[in-house]
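Undergrad: If you want the building blocks of each chain, they are given just below.
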Amino acid sequence: MSVDVGWVAALAEREAPRLLSYFERRVDVREDAADLLGETLLVLWRRSSDIPASDVEAGMWLFGVARRVLAGHRRGGKRRLALAERLRNELAVTSGVTDEVADHVRAAVRALPERDRELVGLVHWEGFALAEAAAILGIRPGAARMRYQRARVRLVNELNVSREAARR
Amino acid sequence: MYVVKGWIDMTRTTSGDDDLDRLLDRAATTPPQTARVDAALAALLTEARDYVPPRRRRGIKLVAVAVGLAIAGALVAGTTMSTVWLQIPPFQELPAGWSRTTEYIPIEWVSVAGEEERCRMYLELERARPGDIDALDAAIVEHDWDGFGQALYDSLPGAPTGQNVEGDVTSLANPQVQAFAVGVIPEIGRAGAYDPAVGALATTCRTDI
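Here the protein sequences line up with chains C and B, keeping their order. If you read the first sequence in our numbering, its first letter stands for residue 49, the second for the next number, and so on. If you read the second sequence in our numbering, its first letter stands for residue 1336, the second for the next number, and so on.
These aren't lab readings, by the way, just hints derived from the structure by calculation. We put the CB at the ideal spot given by N, CA and C, even for glycine.
Some, not all, of what chain C presents toward chain B, calculated at C-beta under 10 Å:
| # | residue |
| --- | --- |
| 1 | P65 |
| 2 | R78 |
| 3 | L85 |
| 4 | G86 |
| 5 | R94 |
| 6 | N137 |
| 7 | T142 |
| 8 | V149 |
| 9 | A150 |
| 10 | P161 |
| 11 | V168 |
| 12 | G169 |
| 13 | H172 |
| 14 | W173 |
| 15 | M194 |
| 16 | R200 |
Listed below are several chain B residues computed to face chain C (Cβ distance under 10 Å; list not exhaustive):
| # | residue |
| --- | --- |
| 17 | L1358 |
| 18 | P1366 |
| 19 | E1382 |
Same shape as in the complex, but just chain C (with noise of 0.2 Å):
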């Protein structure tokens, strides 16, 4: 099958600075981004035969190839690409406001089991709906829902204990 390089393109460059925010969110080091995106967008053309045709559809396979390249990095298949170099260096110079509660709300989020965490996260931040989350990380919508429902209660338990100890 052909492959339409300027659709390719074009979803690359729509879904690049999502896909940045989305590694941003979820990396210890802010330029692993950089390494991660693009180890995303090599993916995104190697497999460019394989991306579905629908815009909506392209979107989630490409977060569902991201959800791939980090649980790769998390379990430590760590790669510094070249072609990243620059902008990984861009986002190690560009610091952010600092923001504590912002930083202890992810790590909350970073402390659920990886599909929770991966469904709160879609959903809260990439802004994806349930269904679509769910249908990124390949569970059915039932349970999805019921993995949602559960991380949430979670979340509020963790946060309120870090109130509780603040109180202390």
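Since the structure of chain C is already known, use the hints to place chain B on it.
TA: For chain B alone, coordinates are given in the frame of chain C:
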């Protein structure tokens, strides 16, 4: 110790939900992208499009791993050994009277070669009663499987690589998954003639990206 104030008021349920949504929204913020970051991002997009790999990586590999229950025999006396090959896709039809979970146990690890391996293990029951599969599905979803596959892989001797690793890892999973099933449905452990039994653990593995 890191301490933060002002969290969720659980005395008001609705407000607690709203508070959580508000906190999650706040945590979505990422540093603003500068013009230099934008330029670097544009360069990365171009370079990724034009990138030519020095050599072709191994493509997607779909492996069907047959998982017998020889090991499980130690746990469930009287269980006959069954082997199921999954044809991908679609899965092979089940023998008459068998049922398969729709949820799967993720068995994932990164090999010493740095390749991500992902397997999905489904339980297949003989003589399943109404509700047994649903109970197993719910328990599989509820259980935290993070690190399960990596721990199995890491327990293999040496630095295992090659085509048989999937089978080695999933075989190691058998007794633990059997025990998990007994924990959900104790009758499986009785191994009576009319009791439900794990007929097979059906596993599909793939190497991706």
